[in-house]
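Let the sequences and hints guide you as you build the complete structure.
Spelled out from the first residue to the last, the chains are:
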Amino acid sequence: MKFDMDYIAHHNELTEANPYYKLFLTIFLLILTLALDNLYFDIFIFIAMSIVILAIAKINYRSYLKFLSIPMAFVVLTCLFLIFFFGKGEVIYETGIFGIVVTTDSLHYGVYTFFRVVGCLPSLGFLALTTPIAKILHCLATLKVPKIVIEIALLMYNSIFIFLNEIDTMQKAQETRLGYHSYWNSFKSLGALASTIFLRSLDKSETLQHSLDSRGYTGELPVYNPRKREN
Amino acid sequence: MHIMEGYLPLQWCIIWFVISLIVVAFGIYQIKKIVDETPESKALLAVSGAFMFILSSLKLPSVTGSCSHPCGNGLGAALFGPAVTAVLATIVLIFQALLLAHGGLTTLGANIFSMGIVGPVIAWIVYKGLIKANISSTIAVFFAAFLGDLLTYVATSFQLALAFPAPTFGAALSNFLIIFAVTQIPLAIGEGILTVIIWDRLKAYKPKLLDKLGALAPNEA
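Taken in sequence, the protein lines are chains A and B.
This note's numbering applies: residue 1 is where the first sequence begins, and numbers increase by one.
This note's numbering applies: residue 232 is where the second sequence begins, and numbers increase by one.
What the hints contain is simulated information worked out from the structure, not anything from laboratory work.
One or more hints might be untrue.
Stated by the list, open to error - For the chain B half of the interface with chain A, some residues (derived, Cβ under 8 angstroms), not all of them:
{"no.": "1", "residue": "Y238"}
{"no.": "2", "residue": "I262"}
{"no.": "3", "residue": "K264"}
{"no.": "4", "residue": "V278"}
{"no.": "5", "residue": "V318"}
{"no.": "6", "residue": "L329"}
{"no.": "7", "residue": "A332"}
{"no.": "8", "residue": "L336"}
{"no.": "9", "residue": "A403"}
{"no.": "10", "residue": "L441"}
All values reported here derive from a predicted model rather than from experimental measurement.
The beta carbon of each residue, even a glycine, is placed where N, CA and C say it ideally should be.
Written out as structure tokens, the structure is:
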């Protein structure tokens, strides 16, 4: 359980690019793709954004395929489901099993939904794979998203990675003691794991609060925003 | 299993965004009030949010052989109440979209509505109701987590049926309910059991904290 995407977001050719452009481009493209709902445009966006991700941001094609694979597998399944079980209108194909048929309407739904997802995924990928979370949050902060939300999000992002390390250790310890040997055992282990992390997280939050207080915390976290490196 | 990027047509994205924004804005207002009263709760909120995220990336052993993950919204609702959970769920969903490609930005509103609003509200009502009826908090938390998880998927089915009403809204709804909600029942029971195990340990180690949050039954405090 590693967040490869976070690593990639920090190590690619577009990491230092202006995050505002990236954020607005992504949102603009997403809305445009949904609004046009045009099959050719979907494919065009898919190809264009894939080129940007692979050629300009220079992201490893394997990572990109991995990013696409899980949502893609899911969308293929649900769209097949849409094609076979939904719809009225003219029957164009009969499977002969339980009277399941494909109709013009259901085909339309399935195909359009599939290509809409195909068009949207690379746009999301562009933002997720090229922009570190901290930069996105900084953008949102200057765009008048309430300060308290940004602060909680930043602290949350910070603690997620602390927890991940601890979970890794604990899970390995449980596994070596056959903690996931049987079905019921794995429930008990998972419950113990989750509650231990929660208890630890409470301690962590206390420590965090003390350290913040001792450094004169008044409800605002000034974040250093490094200038673009000039070579 | 959230609604993925681009799955919903534009008008539904906008509708769900508007509905969710209202609730989340109210949640932010509440968080502000809590933080003004007790400044040290900010770190607790952040860490609980991270806990929700981590919980949703743990794999739950499931009967059908596939893997699913607990939503964690039942526990959040029982501890903090629904409005605060909605805000935490919003941040969690943004992180899931950007770190795990799970869910999406355009469908964020719809996902907040199902996972951050419907689930926690139901869980909270069930939890408070059972505790009022003098049932031990362990049993109450099981039903809160079970129903919170299940209702999240029922809400998702509603949203999908509204977006794809073919041949009729009712037929589409029953189709989506069979796929999303019925298959989710064993997973929801799993989440219920997991939450009970977590809850038991919390009660054993941090009873004072639960009491301070007002999350315990009156006879257990």
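Hints, verified against the model:
1. Against a cut-off of 8 angstroms between C-beta atoms, the interface hint on B/Y238 holds, since the closest Cβ of chain A lies about 6 angstroms away.
2. Nearest Cβ of chain A to the Cβ of B/I262: about 6 angstroms, under the 8 angstroms cut. The hint holds.
3. This hint is violated: B/K264 has a C-beta 11 angstroms from the nearest C-beta of chain A, more than the 8 angstroms allowed.
4. For B/V278, the suggested interface contact is upheld, since its CB lies about 4 angstroms from the closest CB of chain A, less than 8 angstroms.
5. At about 7 angstroms, the closest approach between the beta carbon of B/V318 and any beta carbon in chain A falls short of 8 angstroms, and the interface hint on this residue holds.
6. A hinted interface residue such as B/L329 counts as satisfied when its beta carbon comes closer than 8 angstroms to some beta carbon of chain A; here the least separation is about 5 angstroms, so the hint holds.
7. Given the 8 angstroms rule on beta carbons, the hint for B/A332 holds: about 5 angstroms separates it from the nearest Cβ of chain A.
8. Among the interface hints, the one on B/L336 holds; its C-beta lies about 6 angstroms from the nearest C-beta in chain A, closer than the 8 angstroms criterion.
9. Annotation: interface hint on B/A403 holds; nearest CB of chain A at approximately 6 angstroms, less than 8 angstroms.
10. Interface restraint check: B/L441 against chain A, minimum CB-CB distance 11 angstroms, threshold 8 angstroms, status violated.
When the structure is compared with the earlier hints, violations turn up for hints 3 and 10 and for no others.
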